[in-house]
Each structure stands twice: as C-alpha cells, then as structure tokens.
Amino acid sequence: MFMETAIDTPESKYEILPKTLSNGEMDGELLEVAMGPQHPSTHGVFRMDVVLDGEKVVKLKPVFGYLHRNHEKIAENTTYLASMPYTDRLDYLCSMTNNWAYALSVEKLAGLQPPERAEYIRIITGELTRLVNHTCLVGFLLQDMGALGTPLMYAFREREMILDLFESLSGSRMMCNYMRFGGCRVDLPAGWLEQAKRAVDSYSGFLDEFEKLLTENEILVARTQGIGVLPPDLAVNASITGPMLRASGVNYDIRKVDKYGIYDRFEFRVPLGDHGDVYDRYMIRLLEMRESVKILNQALRDIPAGPIVDPKAKLRGFRPKVGEAYGRIEGPKGELGFYLISDGTPNPYRYRVRPPSLINLTVLEDMCLGQDVADVVIILGSVDIVLGEVDR
Amino acid sequence: MLGEGIIKGMVETARNFVGSYSDPERLTTVEYPEDKIPAKENARNFPFLVYDGDDAARGLRCVACQICEKECPPKCIYIVKSKDKKPDYIGKPQFYPAVFDIDVSVCMSCQICVEVCPFEAIKMDTEFELSNPDRFGGLLQDKHRLAKSNEYYHKIHETEAAEVDARLAAEKAKAEAKARADAEAKAAAAAKAATAAATPKPAPNPTTVAPAK
Amino acid sequence: MIIGEFFRGLFLMIWRVATDQPEAKADLLAVFPPSARPVISAVLTVSPIIGIFATLFALTTLLERKGLGRIQNRLGPNRVGPFGILQPVADGLKMLTKEDIIPRSADALVHFLAPVVLAVPTILAFAVLPYGRNLVPVDMDAGILFFFAVGASTELAIFMAGWSSRNKYSLLGAMRAIAQMISYEIPLIISSVSVIMIAGSLSPVEIIAQQGRYLAGGFVPHWFVLTPWGLAGFIMFLIASLAESNRSPFDIPEAESELIAGHLTEYSGFKYALFFMAEYFGMFAVSGLAVTLFLGGWHAPFEFLEIVPSYVWFFAKLMGLVCLFIWVRGTVPRLRVDQLLNFAWKFMLPLSLLNLVVAAVWHFTAAWEFPGAGLGRWLLGAVMIGVPYVWLGRALSGSKKITQRTYRFAD
Amino acid sequence: MVMETLEQIKARIENAISGAKPEIIPNESPSAQRSLLLDPAHAVEVAKFLRDDSQLRLDYCSNVTGVDWLDLIIKEKVKVKKVVEGVEKEVEEPVERKRPGYLEAVYHLYSMALKHGPLIIRLRTENRADKNHVPSLTPVWRGAEFQEREIYDLYGIIFDGHPDLRRILMWEGFADHPMRKDYVEPDDYEYEPTPHDEVLEKTKQHHSPEPKP
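Just so you know, the sequences run in chain order W, E, Y and F.
Numbering follows numbering that gives the first Met the number 0, with no gaps: position 102 of the first sequence is 101.
Numbering follows numbering that gives the first Met the number 0, with no gaps: position 153 of the second sequence is 152.
Numbering follows numbering that gives the first Met the number 0, with no gaps: position 26 of the third sequence is 25.
Numbering follows numbering that gives the first Met the number 0, with no gaps: position 160 of the fourth sequence is 159.
Here chain W stands alone, though its shape is the one from the complex (with noise of 0.2 Å):
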C-alpha cells in the first residue's frame, strides 16, 4: 500500500534559502524569524528558523540541542540500574513507559521474564501514563491555539488525580523510577487499586466535560481541519510513530504488533483517522484515552496476587552476557525503543534511546510549509514533543 508511493527525498527541498536574490540584492519581501528558543508555545527550549512570506511560511527549520546533556553517555558510564532515575527525565511528563521501555530492553538483553503480577501493574501504570500525556496534549494544544488555559487546568486537574495515585505507589509524582529489570521495585499499597479504579472511573466524565467545552467550537473545528496534513505515504516513510501516524489511517499500534507484556489480554481499538490533520491528531487522543480507560478498567478488574519481581533478577552485581538487544513500546508520543549492546561489563557499551518526539519532527516542516505563522503554533503543538527527550 505503502511502496508505491514512497517518497525519495527530494533534495533541493532542503537547500538553505538564499538571503539575497540572484541578483544579489537583499531581498526584502521574505521575513526571516527564529522562533525560540524563548517562545511560549515551543514546548521547552525549541528553536525554529521559519521564513516567511507575509504570514505565509515559505521554509522552517528546527534547530535543536538546547537541552542536550548527553544522556547516552552518561548511560554508557554508569551501571544499567543508575541509567533508571535518567530514563525519567528523558520525556517527564511519562516516566512510567520510559521506565518500561528500558525495563523491556534490559530484559530481552538478559533473559528475564517479569512475573503476571508486574506485568499487570505495568499495564495499569503505562496506561494511566497515556491519560496524562494525552490529557496534557490536549491541553497545551487548546493552549496553543489561545485558549487561555481553561482547557489546560481542566486537563492538570485530572492529571493531578493520577498523579496522586503515581505519588502514593512510586513516592514521586512525575520522576517514578519504579519498573526494575524484571518486575516492579515496590507493590501496590494497600487501597491503591480502589483508588485507581475511582480514578479511572471519573475520567470518562472528565472526558466527556472536555469534549462538550471544545470539540463543537466553531473556532477550534476552523483553525485544525485541513491544517498540517500529513499523507500517510510519507507519514511511513518518515517513522512517524504513535498517534500522528494513526491520525493519518495507518494502523500500526505496537500494542498490537508486538503484543509486549500482556497487551494480548485486553480488548481494545485502535482509532484511526482519515486525514491527518490537526484535528484528527487532537481527536485520535481523545479516542484513545477513551480506550485507555477500557483497557485500564480489564487490569484492574483481573490483576492477580503474586510477586512483582522475576527472582533471577538481581539488584547488585547486575551483568548481562554480551550481545545486543533492541526493545520498544508504545509510548504515549511513539515507538519509545532503547538499544543496548553489552559487553559483559556492569555498564552498557552502547545505549541508545528512540525518541519518537525527535523522529516526528521529521515532517515539521512539510506540515508547515504554505500554512500561517498561527497554524505552526498548533501542528508543533499537535505533533506532542517534549524537549526533554528531543534533545536527550
């Protein structure tokens, strides 16, 4: 379906634009602005140098790295444990999938199974990470398109009941570190899951509340549909991952593909959009926080008793054979992998993290080119980045 139409780069797309005409004069029509690193709508320390054409944008070119701190590196100079806590601040708003991608890759690297319990618990948690990151997107995107923040605070205040619930079972409320190398490191305390499931159960009213408020709105249907539209040809081609490639009709959820942990256990769709534009990415979120929910409400209805760590694993001293390993989840933005080839050392040889939020950007620009200055505000806002693992 894809093949046909695969895209070879073109590669005068990506030639600098000349600052001065062909005649050599400056050219006055064209505005050039970086937008970022200091700007309210990048998300973090984001720099794009966009040209413009009135408000037209003729050319846009990210610029990253101004968060870079090398976290592969200090990955590779630290033990596979230590590289835990770093794995949180790699994309903070969902430490828990980070945990469970490194937690996953670390496993298939050393041959460890976590047991039925663990794997429960990481489908609860990995979910309810997606309810946060999603219900945050929402969020910062209606705040992008000048909301005023109504539509972010109604957003935090759900996210802060899960976050609760993050709080009182890893004892931090954004930088979890919880999942270890074949299991969890603590188990459910006492009430916890009575105090998801109250959760869980009023997050399809929130739901509900949030669609009512923006979805109809004349406003927000004008300034998304038709905006950033990603074809599904290129969308492949490019990796897109997570929703942005849903919301462009390919059906690819590694959920599904891969079946990780026991995603084979649980009913759940896929949502799937037509176009591929603003307003899809924005609408496949809200469907798949809906799906989330379902999924949440099978885990916490079948968990089982048992222990939460395989009992191979160990703690200290911990050194797997050599050889190379490549794992990857769903993430909430994407396909969250981490490659890692060992030497038999305590520490990684090589360590290496897949950022969807870096890997999506790579159609920024084909998204933006012809739209206003406004609608780069929103598909960067729709495309759901976090500086923290674009620059790593």
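It is possible that part of the hints are untrue.
[Unchecked claim] Think about it this way: if two alpha-carbon atoms lie no more than 25 Å apart in a straight line, the pair counts; the simulated DSS-like pairs of lysine-lysine are: (1) Lys60(W) / Lys167(Y); (2) Lys65(Y) / Lys35(E); (3) Lys320(W) / Lys180(F); (4) Lys65(Y) / Lys7(E); (5) Lys203(F) / Lys74(E); (6) Lys167(Y) / Lys55(W); (7) Lys313(W) / Lys69(E); (8) Lys69(E) / Lys142(E); (9) Lys201(F) / Lys69(E); (10) Lys80(E) / Lys147(E).
Treat the hints as calculated values from the structure; they're not laboratory data.
Based on these hints, arrange chains E, Y and F on the given structure of chain W.
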C-alpha cells in the same frame, strides 16, 4: 448552526465557574503554607541515615561500605571510611563513616541508594522544605544533619519501617542464636578439654575463644 | 468666606451628582472668577472620569483574574490583602518599579509616543458617554461620530508601537492589528447606524431619551435590544467591539502563543502599563457605547427601579458586559487572522447591512394596526435577519469543507 | 506475521543484487537479535530491495544509531600443530590479533504493511579517523534523516548522499564527537563548584576561591 459549539462551551465554563464554589472536587487547590497535603507513605524526597537508640553517633547503621556511593546515579554521596571499628546492632565490629556527605543540590531523589543498601542504613525522607540561601554549603548535608532516629523513620514510613525492623530483628536473632550455639560449642569443647586436662596433656590455649562483645 | 462658599459648592456638587440633579457644578463654579471657570469646569469633569475609570480598571483586572480563576477551577489571586483585593495595587507597584527598556535599535521617540497616543484617544472617547440622567461630560450633537473618530485613531498608536520596536513579532502584530481593526470598524459602525436611523439622532443623550419609555405597565423597557434589528445589531456590535478592543477570541495582534506579545513585545514597565490600561479603557468605552445604543443607557430595567440613581444602572450594565467579555475570554480559542478577516467581510458586513434593511422595515411597519401587529413585526424582522444568518453561517463554515467527522477503529 | 529467517533474506539479497555480500553478525544474548552487515558499496541498493521486496516490505526504519568500536587487541588461543618432543601434537597457543577500530551505523527495520520485524542491518566504516564514510539511507527511508545527522554529530560518521548533513544536537563549530569512546571532556570554565569532586579541582583553576569573611 454557527455559534452552537461556542454556546455549548460557554455553558460548560459557566458550570465550572459555579462548580468551583459548590463542588470541592472541582476546586482542588490546597493553599500551601497554611494547609498541607499529608505526605503519602511511599513519598520520597532526600535520603537520611537511620540510627538505632538515642545516640546518633553510636547507633548509626551505616558501615561505610560505599555501595551507595558507587551506585548513586548523579554521584552526590561522598563517604570516608573510618580507621577504627565500632560494634553494630548485632554486636559485630564494623567500620563507620568518618565523613558522610550528601549534596542535595545534586541528588535526584531516585531512591537507588536505599535499594542497594544491604544494611538498611539509608532511607528516604519526606521533608521537602529545605530551601536555603547558601547555594553550596547550605545544601551539603553532613553526617550529623543526615542522622535521624529509627522512631522518625517509623513515623514517616510506617509499614516499610516495620518490615525493616522485623527483618533486622530476625537477622539479629539468627546471629544471636549462632553466637549462642558457638558459645555452647565452645563451652562444650572447653568442658571436654577440662576433662581431658585431668590426663597429662598440654592445656588448650585460652586465647582461641572468640572475644564476644 | 470664600472657603466656606467653596466647600458649600463642593458639597452641593457631590449631592447633586449623587441624586441625579442637573447643573451640579454651578454653585462651585460661582466661587471662581469668570475667566477661570472654563478651566475649572473642565478639571472638575475630567478628574472624576479618569479617577473612576482608573479604579474600575484596577477592579476589572482583579475581577478578570478572579473570574478566570474560578472558570478554570482555581482560586485566582488571594494573597495580597483579604481575598486578594490589593492585588491590583501590587501589580501597579510592580509595573511602576520595573525597568523601562528601550531596545537599542528601536526608534526611541515613536516608541515613547505610542502609548501616549494610545491613551489620549481612549480617554477622549469617555467624553461623550452619558453616565447618568444629567451626567454627560460633553453633550455633543454628533457624539457618536466623535466617538468613532476618536476610537479609530488608536490604530495609529498600535502601528507606531509595532513599527518602532524593530522587532519582527511586533511588526507582525502591528500588521495584524491594522488589518483587524480596520475590518471591524465597519461592522461596528454599521451595526450602530441602525440605531441612529431609528433614533434619528447622532447624540447619545437623544438616543437614550428615546429608550426611556416603558411598556406593559413599566415592566418591559423600550430598549433597542428588544427589537429584532436591535438584538442582531447588539450581538454584532459586541462581536465587533471584542475585535476592536483586542479581546479573546480576537486577541490576534497580541497572540501570546504565536507572537510572544505582538506589538507589546518590547514594552516594559510604565509604558506597558499604559498599553494595558488603554486596552481596558477601550473596552470600557466601547461597552459604554453598547449600553448607550442598545441597553437603554442609564435607564433602569423596570420603571419602579428608576428611584435608584441612574449612574448605578449605567455602571451595572457596563460591568455586566465586561463580565460577558471575561466569560468569552475564558472559553474560546483564538481565531486565525485570515479567518478573522473572512468573518468580518463575508459574514459581519453583509449581515450588518441587512440589519439596516430590517431596521427600515421595522420603522415603516410601525403604522401596522391589525391585531397581533407587534408580534408580526417582530417575527418578520427575526426571519429577515435569522434566515440569512443561518445561510451565511453555513456558507462561511462550508467553504473549507469543515465537517463533523467519524473515526475508524482497528482491532 | 513471521518474517523470513536471516539466512533466507541473505540468500535472496545475494540473488537479487550481484556483488552484494551481506554477512550475518551473531548475537549470543537471550534476545537473539542477529543482524546483517552490508557492504557500503551496495548498501543503498540492498536497502531499496528490502523496502520494495513484496515479501519483506520493510517500509519503516525505526531506529538508526551509531556504535563506536575502538581498536581492540583480541587474545585468542589458536590450536597449532607442533612437533613437541618429536611427536606431532595439537597445542593451544595464545595469539594476539589487532582488530582495527571502526564506526558502525545500525538500522532497525520493521514493516508497517506486513507488521513484522525487526531486521537489523549494519554499515561499517573502514576506520575511525579519515575513512569514516558510509552511504546515507535517508533517500530510502526519510525517517533516518535526523538520526543520521545525530550519528554524524555524535560519532562523526559521514553519510554520503544525506541531503542536510549538519550538526543537530551540538552547536555548529563544535569540533569533536562526544559519543566516541575516547572522547575527553574539554575543560570548561563554567563549572559550578561541587563539594568533593574532581569538578571542584577543575573549578579552582578558573575561579579563585571565595574570600572567607
């Protein structure tokens, strides 16, 4: 019809406006310095060192093994091992930290030091009001500031502390039982030796008896 | 002796203002020599207006922050003084003590003049509004015309600010502001022309006088907003005035999330405060005009409530409109600039022109005598404006194939 | 859907593209993710084959990354036939072999159309210094664009045919490649003094210690 969605949205905001006065579920703000959310049992902020008994210097569980120093991801722990030894809770002579510093401006509250500690000596505190005008010295916590009693630990992490105490008590009981068994064995050996001493044989060397403290 | 006269005059002035009596200043002015009287009279008129609106500005910022806070399920400012009442004072002090930065490459003179040029006309616009029964600073025959003329000059100031800052965001903001304000001036004026047509006068005092009657035993006021053309005109006037005063969803020149702060990007300290104040003053002025044109000015909603001093009603209606503005601001996202212009030219303008026709029909059907004529007139007007509204609305949103969507699900 | 085995894929590549010599790199770890080493000369062709072949359709290039392999001295024991004391025997002798270092680009490929994967392909440079070129696969998979830029930035592999090969995370004008194993951190005058650290020592070279009151 044009405007319908906007009207719906305005009804929703009006509902929230009224709800923020009537429904405590909606107005979730807690006004911080006056009201505080009680700390969750698993909450963690910065590490502290546990001591048994009343004397922080004597009861410190830490034996300066430096595992936490090695495992700490941001390397915020600094330990200098003592030259002499002190008895630990079982009574076994152990080293103790001559210097134990944690730079809380570097610490990222990950709890890995707690997990890797084999002696249950370092635990996470829930105290978070640590702001200090001195950027370097004020946030460098030394052994005396870090030492907190086992009772305090029980107060902030009740379940966890009870488990730890049970485990330590079991270990201690095991160690005592072993010591008793050893002592009995030695006593028996001594008795045997005493009976043997009646016969003309060289007396056993008394220094072989392990010094029990 | 003279001091006694002065205080008597001052007391009488306050008393007369408070009780809606005419010639409030007469006794006080008699104290002064005739040559000084015009100046004293002007000062006596201008200073309370500026004082009252400055206070109202402070209160409105607090009200807005509190109201938005509650809409967003927050408490809003509550730390400075009891219930945060002193928050505006703290804000003001903060603004005044901030460093006043002029960018090195900016045009310093124009950069300085812009807030001044903005503040003066917004304050001038207050001159022609009748605040109470006998409270009108300047009773001008062409008061409405003066209001619009003065209001239009704010565009110059905003462009000065954007241009002189030498900032690309400022320039973009200024360009947007010009496009937006010129576009919305037209529906704003045309929607008020229908009132002028019916009232047959450009004088605000006369327009209010025409709305001063009551029907149905004093329980239905004869406000223009209660007619089909008046209601449509009022709504269009409100929308246009939102755009005129750069309020959400038309805060496109400022557009925090896109252009940092638009034309205000390079302003700080007192100049920024002046801009901020002028924006609110503009909002008060235009709401005051909406009250004058459509909501019966200072008249009470029911006849028996006319005992309450008239200015209370004026300011109550004004604050009602301001609250509506805040509510809208707390709900809707921002439009894009081309959509905003489309909305102005393809929707607001035809509809406001049509509204003139409806007003004319209303005027000429006044002579209808058959039973149910009142209701018939009303329905005729409503249909005349309602059908094109639905049709134009559909055309506006259908032009870009905006639809309700359904989504596929894969297992 | 299950993908063909690596051996089958290798055979089909050799059939389809003359001259291509893919080599299977083993992986002993429990993950058992083996990979195919491609020769740079035919890499783009092979990549296009992998993408367009109807049974593989690896249309999705998930992860692209670099690995730095330093010069390595491999100590092996080689069985050598030797005449020892007049009898021919097999004797193990230690042999030291120098493996020159190289840089490696690793691509993880999946198929979105057929939902299988991963196929891991590797490209190696000849050495770590001057012959650090490999062909870019960005023209085949656009998704490799930023990741190849990142490898160029952090490892210094030059991708021939990349449309926009600039530094991505480090700033323009930065000379070194920080992810290489032999990278030495430059001395930075912006160090903030932290207690008990080598940073503290470095800081002292740039800042005079604060005068104590």
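Here is how each hint holds up against the structure:
no.: 1; hint: Lys60(W) / Lys167(Y); verdict: holds, 18 Å
no.: 2; hint: Lys65(Y) / Lys35(E); verdict: holds, 23 Å
no.: 3; hint: Lys320(W) / Lys180(F); verdict: holds, 20 Å
no.: 4; hint: Lys65(Y) / Lys7(E); verdict: holds, 22 Å
no.: 5; hint: Lys203(F) / Lys74(E); verdict: holds, 20 Å
no.: 6; hint: Lys167(Y) / Lys55(W); verdict: holds, 14 Å
no.: 7; hint: Lys313(W) / Lys69(E); verdict: holds, 16 Å
no.: 8; hint: Lys69(E) / Lys142(E); verdict: holds, 18 Å
no.: 9; hint: Lys201(F) / Lys69(E); verdict: holds, 21 Å
no.: 10; hint: Lys80(E) / Lys147(E); verdict: holds, 20 Å
Consistency with the previously given hints is maintained throughout, with no hint failing.
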